[in-house]
Amino acid sequence: MIKVTRFLCAAFVMHAGAAFADDTAPDKVMYEDFSVQASLTGKAGDPVEGAKVFKDRGLGNCLACHQNADMSGDLFHGTVGPAVDGVADRWEPAQLRAIVSDAKQVFGEETVMPGFYSLKVGKDVAKDKAGKTILSAQQVEDVVAYLATLKE
Amino acid sequence: MMAALQMPLTAQADPVDDALVIDDLEMVTRTKAPEGHPFDEVRSGWLYREAETRELEADSFQNPGMLYVEQGADIWNRIEGPEGKSCASCHNDAAVTMKGVGANYPKWDADAKRPINVELQIDKCRVENMGLEAYKFDHAEQKALTTYIKNQALGEPVKLDLSQGELQSWWDRGKELYYTRTGQLNFACASCHEANSGQYIRADHLSQGQANGFPTYRLKQADMVSLHNRFRGCIRDTRAEFPKAFSDELMALEVYVTWRGTGLSVETPSVRQ
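Quick mapping for you: the protein sequence lines, in order, are chains R and H. Residue numbering for the first sequence follows full-length UniProt numbering, beginning at 1 and increasing consecutively. Residue numbering for the second sequence follows full-length UniProt numbering, beginning at 1 and increasing consecutively.
Extracted from the complex, chain R is given alone in its bound form (with noise of 0.2 Å):
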């Protein structure tokens, strides 16, 4: 039985990057002047969850390429992109929803930091994964509202 349970849970945070119907597909965000202005889900982003969207492996995984010194209790941050101490003061809530859903629209074509709520992505996408964004819409308004917490 709990075994069961347990799939079923596994089996639903791999849909997690799937589209729910008010969300804003991926194809359909709009980027302008480096920003995205509207909310990709028209609902507010909870900085609690995206809190925990950056931290996990199998989320967002910001930790592995991102310093974060709100989260110095966890080990192991990666050095690959900048500190993202104070990144609230250098970016408005907007331009952030554009650099973590498809941080190629804002760094350009050249950088690693993947799209987070984009298709267009690498070859041969493992068959699980095809179609899918890394993160669902609201997984990304929640980063945002997290990112927009960090202030110095």
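A couple of the hints might just be wrong.
[What the hints assert, rightly or not] Derived EDC-like pairs: lysine to aspartate or glutamate, alpha-carbon spacing no greater than 16 Å straight-line:
#1 R/Lys123 x H/Glu249
#2 H/Lys220 x H/Asp204
#3 R/Lys129 x H/Glu241
#4 R/Lys123 x H/Glu176
#5 H/Lys107 x H/Asp204
Hints are computed from structural coordinates only; laboratory data are not their basis.
Once you have looked at the hints, place chain H on chain R.
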């Protein structure tokens, strides 16, 4: 501007400046890159590992990979198959006949008209000279024999002869693949091992992704890991489907990646975390 932000915590991200001496033999772990190379200096992955991991590799008595070298020696001398031959029947003492051989692979195979690595050369001899079947990919004996043969070239500088057959065009193809982004995460080999070598990705200190230490003993897996297994792992980590071992794609990558390590000593069996 952004780089400045990460300065304080990345001071320790530089590779170490130690010398690697194995059995009184000093390894080349840094050397001037060959012409046309994206880096000025080619560096062994050993320089990027933790002190304990580096020490394990430096001490042949402690290095768990040496057990596989011993196992390889047993297979080398073992008579097997309908011809009643061992590898030693034709090649005698590997310390003499195989010295340096491992530093020059992949080579061009004129019969197959494609590059061949040590694993495939072993299969060739098993099939053509011993009446045996090729090993399944990553068969324990395949890894042990490959480790044994490469270990005979310990300390020898990696050097490919790209003028053999069509090896150059496979190098070209490998280079193209090295810069091709794959998977949902949209990374190329170069995203991690060129643009970000020296940085940390989570707990991993990114090296130049060199092939000179393979097969390598991985502490995490407590086993030998072949080069194509490593390639497939790195490709899988981009959330992509990965090619078959010894496929054209991975052979092309092996040619190109091995060339990127030109001049580094063969370190097999290297130890990695």
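Results for each hint:
1. R/Lys123 x H/Glu249: With a Cα-Cα distance of about 13 Å, the restraint between lysine 123 of chain R and glutamate 249 of chain H holds, given a limit of 16 Å.
2. H/Lys220 x H/Asp204: holds, 12 Å
3. R/Lys129 x H/Glu241: Roughly 10 Å separates the two Cα atoms, so the pair holds.
4. R/Lys123 x H/Glu176: holds, 13 Å
5. H/Lys107 x H/Asp204: violated, 32 Å
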